[in-house]
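Each residue of the sequence shown is one higher than the last, beginning at 102 in this note's numbering.
Treat the hints with care, as some may be off.
[As the list claims (entries may be wrong)] Capping the alpha-carbon separation at 25 Å, the derived lysine to any residue pairs in SDA-like fashion look like this:
hint: 1; residue 1: K125; residue 2: D143
hint: 2; residue 1: K103; residue 2: K125
hint: 3; residue 1: K105; residue 2: L139
hint: 4; residue 1: K105; residue 2: G142
Quick caveat, the hints were computed from the structure, so don't treat them as lab data.
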Amino acid sequence: MKVKAAAGLRVPYENQPRRYIEQKPVDVPDTIYYRRLLAAGDLVNVSDLVAVKGKAKRKEAADD
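Throw the hints in and build the complete structure from the sequences for me.
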């Protein structure tokens, strides 16, 4: 799963408390730790953002 930290946050990796997820998207395993951070809003699922942007582009192309 590809995620990045929410704006203004640094989120520690699972089992690596001194290494942080920041604004650059990274791949992480689909574990309960990362799912909780997603639910809390500390992490943002980047693959969801890409899918939304892709749909918007397709719609604009269809309107032309």
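Q) So which of those numbered hints doesn't the model satisfy? A) none
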